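Q: Given the structure of chain F, go ahead and fit chain S onto it with the hints provided.
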Amino acid sequence: MARVEIKDIGKVFADHTAVSNINLTVEDGEFLVLLGPSGCGKSTLLRMIAGLELPTYGDVFIGERKATRLQPKERNIAMVFQNYALYPHLTVYENIAFPLRVRSVEKKLIDEKVRSAAELVGLTRMLNRKPRQMSGGERQRTALARSLVRDPDVFLLDEPLSNLDAKLRHSAREELRQFQDRIGVTSIYVTHDQVEAMGLGDRIVVMHAGTVRQVGTPEEVYLYPADTFVATFMGSPPMNLVSVGNVTLGFRPETFLPETNFQTDIATTRISFLVHRVEYLGGDQLLYGTVGGTLPETAAIARIPSSVHYSPTVGTEAKFAVANVDLRYFDSGSGKALIPTDEEGIMARRAAHG
Amino acid sequence: MAESHNSLSGDRFLAYATLTPSAFVLFLLAGVPTVTVFLTSMQDIGMGETSGPFIGLDNFIWALSDPTFYSALWHTFVWVFGSVSIEMVLGLGLALLLNRTFVFRGAARAIILAPYLVPTVVAVMTWRYMFHDIVGIINAVLIDVGIIDGPLLWLSSQSLAMFSVIMVGVWKFFPFAVIALLGILQSIPQEQYEAARIDGASPFQQFMRITLPYVMPVFLLTALLRTIWSFHKFEIIYLMTGGGPLDSTTTLPILVYLKAFSDFEFGRAAAVAILTFGILCILLGGYFILIKRAEARQ
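Protein chains in written order, with the numbering used here: chain F, 1 to 354; chain S, 1 to 298.
Isolated chain F (complex conformation) (with noise of 0.2 Å):
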C-alpha cells in the first residue's frame, strides 16, 4: 500500500502539451479516477506514474520514494491494460505467473500465488485455457490477477472495462469496485465514461486539455462543478447553461421542473419554456426546447420523472422553474464557477438559501 504524490508534471511531446502542471495526492487505499474527454492527457499522466513515459518536469512520489526516473519494475506497482495486454501463447496460468518468474520466484511460492490471485477473481477452473479461448470478461479477470499476484503497492487501470459489452462493464464494474474494496490497494483509473467513474471512484479528477478542471467526490463534481466544462462533461444529459451577460446561469435538467411542481415556500426562479419535441425514456421524459422570457433564448433539456404527472404541449410556452438552490452560476469569460466550490462555500450556500 502506498500513497502517491504528483508534484507539478508536464509532459511535452514533439508537437503538442499533453500534460501540463499537474498537482495530485493520491490518499493510501484510495480508488481515483482520472475522467476527461479522449486526448485530455489522463492516459498520459497514467503512464507517467507506471514510468512508461519520462515526464518532461515535475516529480512523481510513490510512498515515500522518489519515483521519477525509477524503473517502471522498480516502482512496485500493477498495470491493467485497456486490451489486458496477455500473453496470447501462454495459458492463463502462466499468464498470472509471468510476473513471479522473471523474479525468479520459487516454483511452490507461485504455485501458491497463482492459485490464490486466481481464485480472487474466480478463474480457478480456467487455468489451463489460453486467451484466445475467454470471454472478454474472463480476459480482464485474467489481467487483474496477474497484477495482483505480486501485491503491488499501486494499482493502475488504464480504461480496462472499455472492450466489453455493456451488460457485462455493468457487472465488471461491480467486481472490480467490490475487488479493490477487499484488498484495499491505492488504485488509480482511467476513463472517459462520466458514469463509470461516478461509480467506482472515491474522488474523480476531470481534466481537459492537459490540465486538472476539478478534484472533488463524484456528488461534488456532479453538484458543484469548478467550471462549464465539468458542468458540461458530468451528467447526461448535461447541465443547462444560460448566458446573462457577465454571468451564465447553470441548472441540470432534472432540477428544471414545471412550476406547480415547487412547494410555495421553497424559493424558486420562473423560467418561461418552449418545448419542441419530447422523448420518452421509461423512467422519465426528455423534453427539449428553449427557455426564454426574461431570458435569452437559449436551447435546454428538462428531464421530469415519471413519478411527476406532467403532459408537454409541443409549441406552447409553459411555466418551469428551478429551486434557488439549485442554481449555479459561471463567469461567462473564463466558464469559472462565481460560488466556491469549497466545503466551507457549500455550506454558506446551504445556510443562505435555508
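Calculated from the structure, these hints are not laboratory results.
Given the structure is predicted, the values throughout are model-derived calculations rather than measurements.
Check each hint, because a few of them may be wrong.
To be verified - Listed next, with one range per pair, are the computed distances between beta-carbon atoms:
#1 ARG125/F / THR101/S: 40 to 46 Å
#2 ASN261/F / PRO189/S: 30 to 36 Å
#3 GLY31/S / GLN133/F: 44 to 50 Å
#4 LEU220/S / GLY282/F: 54 to 60 Å
#5 ARG293/S / LEU54/F: 46 to 52 Å
To be verified - Chain S regions said to be covered by chain F (calculated; three or more residues, Cβ under 8 Å):
#6 187-193
#7 204-218
As the list claims (entries may be wrong) - Not everything, but these chain S residues come out facing chain F in the computed CB check (under 7 Å):
#8 PRO119
#9 ALA123
#10 ARG197
#11 ILE198
#12 ASP199
Cβ coordinates follow ideal geometry from the N, Cα and C atoms, glycine included.
A: Quick look at chain S alone, frame taken from chain F:
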C-alpha cells in the same frame, strides 16, 4: 425447378468451356514435360536422340548406387543448410534492428532490400569479379588488412568454393527473411512489452518470452520456404562455379544439368531430377503441416 436446374448446367457448361483453353495450355506447359521426364527416366537415351530402349528402373538403380549422386546430395545439404541458417539468423538480427526507431530507418529498410532486386546474373558476375584471386577486391582487402598472407582461391579451391557460393546465396536472399520477420515483429502489440516492463522482465526476458514466441511460427515457415527454394536453386551456383572445382559445388540440380547437357545421358539426368522432386515433395509436406499448425493457432 427444372428451369433453374437447366440454367445451372448451362452455367457449368459455360464455366468449363471458358476454362478449357487455359487448362489445355497448362497441360501442354506443365503436364507434358512432367510425363516426358518420367518416361525419359526409364529409357536409355543418348546424344541427339529423343527416345531410346526402355530399361525400367536401371537409371534409378544407377543413381542410387553411384557415388556422384550421393556426393551431389551431400553438397545440396551443405548448400541448403549453410545458406538458409545464415540467412535466417542474419535476417532475424537485421529485422530486430530495423524494427527499432532511428533516423533514416525508411532508407535503411529500402537499402537492405536491394540485393533481392538485383538480377542474379548481374549479382553473380560482380561477385565473381570480387572473388577473383588476383584482381578481386576481397583478397586485396584481406591482404592489406593483414588477415591473410597471400591470395585465397575463393572459387577454384575445393575447400573454399562451397563457402563462397553460400556467401553469395546469403547475400542475395537474406532480405526475404528480413521482410517476413519485420512484418511479424511490427504486429506485436506494444502493450505486451509495456506490461512485461511493469512485471519486471529484462530486455533479454522480453525477447525470450514475447518476441521469440511471436516470431517463431513465421520464422519456421520462412526457413522451410527458403529451404525448398534453395534446394532447387540452379543459376547462382552454375554461374559462380559451374559445379566445380572437381564437383565440389555440384548440387542435385547441377548434376541433372551436367548429366543431360554435358554427358548427354538424358535418362540418368531424368532419374536424378525425379529423385530430387521426391525429396522436395517431402519438404513441401512439412511446409503444409507447418501452415496448418500456424492457422490452427490463430
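Q: Given the hint of 40 to 46 Å, check if ARG125/F and THR101/S actually sit that far apart at their C-beta atoms.
A: 43 Å, holds
Q: Using the nearest Cβ pair, does ILE198/S come within less than 7 Å of chain F?
A: Since chain F brings a Cβ to about 4 Å from ILE198/S, closer than 7 Å, the hint holds.
Q: Are there three or more residues in the stretch 187-193 of chain S whose C-beta lies within less than 8 Å of some C-beta in chain F?
A: Check passed, 3 qualifying residues.
Q: Answer holds if the nearest beta-carbon of chain F is closer than 7 Å to that of ARG197/S; otherwise answer violated.
A: OK, holds: ARG197/S within 7 Å of chain F, min 5 Å.
Q: Report holds or violated for the interface hint on ASP199/S, using the least CB-CB distance to chain F and a cut-off of 7 Å.
A: 4 Å, holds
Q: Verify the CB-CB distance for LEU220/S and GLY282/F against the hinted window 54 to 60 Å.
A: 58 Å, holds
Q: Is the interface hint satisfied for PRO119/S? The criterion is a beta-carbon contact with chain F at less than 7 Å.
A: At about 41 Å, which exceeds the 7 Å cut-off, the nearest Cβ of chain F leaves the hint on PRO119/S violated.
Q: Next item in the hint list is ALA123/S. Is there a CB on chain F closer than 7 Å to its CB?
A: Violated. Min distance 39 Å.
Q: Does the Cβ pair GLY31/S, GLN133/F satisfy 44 to 50 Å?
A: Between GLY31/S and GLN133/F, where Cβ atoms are some 46 Å apart, the hint holds.
Q: Report holds or violated for chain F covering the stretch 204-218 of chain S, Cβ cut-off 8 Å, minimum 3 residues.
A: Coverage by chain F holds here, the residue count being 5 at a Cβ distance below 8 Å.
Q: Given the hint of 30 to 36 Å, check if ASN261/F and PRO189/S actually sit that far apart at their C-beta atoms.
A: Taking Cβ atoms as reference, ASN261/F and PRO189/S lie about 54 Å apart, which means the hint is violated.
Q: If I claimed the Cβ atoms of ARG293/S and LEU54/F lie 46 to 52 Å apart, would that claim hold in this structure?
A: This hint is violated: roughly 42 Å between Cβ atoms.
The structure fails to meet hints 2, 5, 8 and 9 from the earlier list, while all remaining hints are met.
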